[in-house]
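Chains A and B, in that order, are what the protein sequence lines are. Those letters in the first sequence? Residues 1 to 398, by UniProt numbering. Those letters in the second sequence? Residues 1 to 398, by UniProt numbering.
None of these hints come from the bench; they were simulated from the model. Note that beta-carbon positions come from the ideal geometry of N, C-alpha and C, so glycine has one too. It is possible that part of the hints are untrue.
Stretch by stretch, here's where chain A covers chain B in the computed footprint (C-beta under 8 Å, at least three residues) [to be verified]: (1) 98 to 112; (2) 259 to 272; (3) 308 to 316.
Number of protein chains: 2
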Amino acid sequence: MDYRFSSRVNQLQSSAVRDILKLTQGQEIVSFAGGLPAEELFPLDAVRQAADRVFTNGSGSLQYGLTEGFLPLREQLCGRMANKGMPVSPDEMILTTGSQQAIDLIVRVLTEPGDTVLVENPTYLASLQVFAMNGLNVEAAESDNDGMLLDAAERILRERKPKLVYVVPTFGNPTGRVWSLERRTGLLELCRKYGVPILEDDPYGDIRFDASASYPTIFSLGGQAEGGCVLYTGTFSKTVAPALRTGWAIGDKRVIRNMAKVKQAADLHSSTLDQQTLSELLRHFALDDHIRLIADEYGKRMRHMVSLLKGCGVPELNWAEPQGGMFIWLELPEALDAEALLRSAVQKGVAFVPGVSFYAGEPKRNTVRMNFTYTTGQRMEAGVARLAEAIGEFTARR
Amino acid sequence: MDYRFSSRVNQLQSSAVRDILKLTQGQEIVSFAGGLPAEELFPLDAVRQAADRVFTNGSGSLQYGLTEGFLPLREQLCGRMANKGMPVSPDEMILTTGSQQAIDLIVRVLTEPGDTVLVENPTYLASLQVFAMNGLNVEAAESDNDGMLLDAAERILRERKPKLVYVVPTFGNPTGRVWSLERRTGLLELCRKYGVPILEDDPYGDIRFDASASYPTIFSLGGQAEGGCVLYTGTFSKTVAPALRTGWAIGDKRVIRNMAKVKQAADLHSSTLDQQTLSELLRHFALDDHIRLIADEYGKRMRHMVSLLKGCGVPELNWAEPQGGMFIWLELPEALDAEALLRSAVQKGVAFVPGVSFYAGEPKRNTVRMNFTYTTGQRMEAGVARLAEAIGEFTARR
């Protein structure tokens, strides 16, 4: 049998992160590559008890569920969204298999192959994969530490007429950056002016190191779901645990309803055991206290990594200290190619993701994404030392 | 904000079944409409214990998992597939969110918008939705009680050059029919001749009323995954429980690998809590004994419904008694429109799915899909009586 594959498959490149993980299999490698949360912080006992309570509700808990998701969980999430200045009703929300699925559904609902999507440069790798898989042209506006450059964004909005704008304005992946309020309101105004919906992807917004800091979402600046141009996605993957695969999207009812139509064909509904477990968890567990605990611990780990980078003896190593999230975005000495460096770094027993993977347009080849949440203490120290050694040798060779 | 939706969304019709369920909300209705398994037969305690064992494995059980699915469960499923004459290795298998997702992934991997898919007429509604959503032309070959008519199939294969053939050869939804061995081997030979892959969807194959009966899958007749033209999908939704949302696809490695690429962008992976729970369940629970118990009970319910239909006093009511699965396919008196009937049936307190929803080509408007697994005893009796009453009034009015 001679299989012919669709063009969407051929447009999909295998994920660099996955290839690296394959490279590291069976070796003693310190990996800063994955975007993995800290396992030891998962609220295992609370999840276990919550799951068990689901079963006490009887056999009905194992039956087919609604495509839009378990209603009590949607109601609880609406309460949480309202607390963040995003008042929505349950029919303005859909539960998905992680927020990753929400991104694919939104793209399938709002775009045709050949349409254009506007993104920050660099941006989240797996969203670039969704855009490639759905045949979209990706136009990237450059960003600085305050977010997307609005002039660049407007030029693309005017000239390329994108059907969607995709941004991660709070502790973005890969850069960890936080957009300023001006850029948030500025993009919102631009998108209203040009009539283009914004997909605000917010997996990391809760993981802020300064408990008193506040970063209003673009959705909250827009005011409301109905008639609004912002679609917002969130997830429990970073605040509870990834295995429960539960994310959500909120936005205008018409979009949510069409997402449900597509989801019905795509997988009928996501795991209702997971959704019911999360609902029971929210009922009996102080999730916000837990999130504070995670964020504090991640803040410590970030500062540890920063101190190691400062002391590692490599000149011309630059980064902006993140205020939240899971990643530090490193700039290596100019003209050093992070992909080439990775090969020798893996030999030395350390892995990271070369920044090139996250660019839609022209990449900065000397950039690196470092995760600081998964690897701790002495392993983190050993990893940064190995990285410094690899950079040192590489720089000497040039 | 003026949202414009993609053509794929506009091609999707809202599911008739869902619309009916809305119609019946808040009313005392006996529903033969849903394709729901019997809740009281779910192995609730075994699932509960299995889930609890997952948590004893520690926090790692809540971390991100592989896109292809939890490896121990794939290994266990390979054993089960081998027992059915389908020897495959774990890298010839991918776990999905129900088998519904496997269908969407296969379509995304093997077809482009505008391509043609060949199906039986009538066929599974939610697959027709996948085809519509992905912009496919659907060509339907007529079927009789032995399966798809091979002459009709070959004509379409030759003239319309489909990229995929989709069939449910064992206790199909909606008809409950079983293909004969000749039709199975016949379609396999045709698809080899024309170089077209077959998607063999088998959610009901285990639910056979005669324990000694054997219906070899088309995949097993094809011999092997590598280089074979059959992709096979299965699910735990009918044998364990739908809430766990775990299905699988097996087939040639190249297809599976590309499905994983698409799935990575679509949702990263399905719930690993569900997958680990099922793995623990298979380790400690006699699933095949449980399946026998379900099938025996469903057989009883089917015979009960058949006896009620026989005694309900409506002349010209026809059906073929199913040998397995969850549905009876009724032919109402000629020229009676099942959609029109539904409206008055709902008034009387009974619901079903008009057959028209399941046709890709010209529908038989006097057909009805009746589920016999969810409603039992006196409620089933009341439901059939109400249906007979509705038909009687309807026939009198004509």
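Do the hints match the structure? See the list:
With 9 residues having a Cβ less than 8 Å from any Cβ of chain A, the region 98 to 112 of chain B passes the three-residue criterion, so the hint holds. Residues of the region 259 to 272 of chain B with a Cβ under 8 Å from some Cβ of chain A number 11, which satisfies the need for three, so the listed coverage holds. Here the region 308 to 316 of chain B counts 0 residues with a CB under 8 Å from a CB of chain A, which misses the bar of 3, and the coverage is violated.
Comparing the model with each earlier hint shows a violation of hint 3 alone; every other hint is respected.
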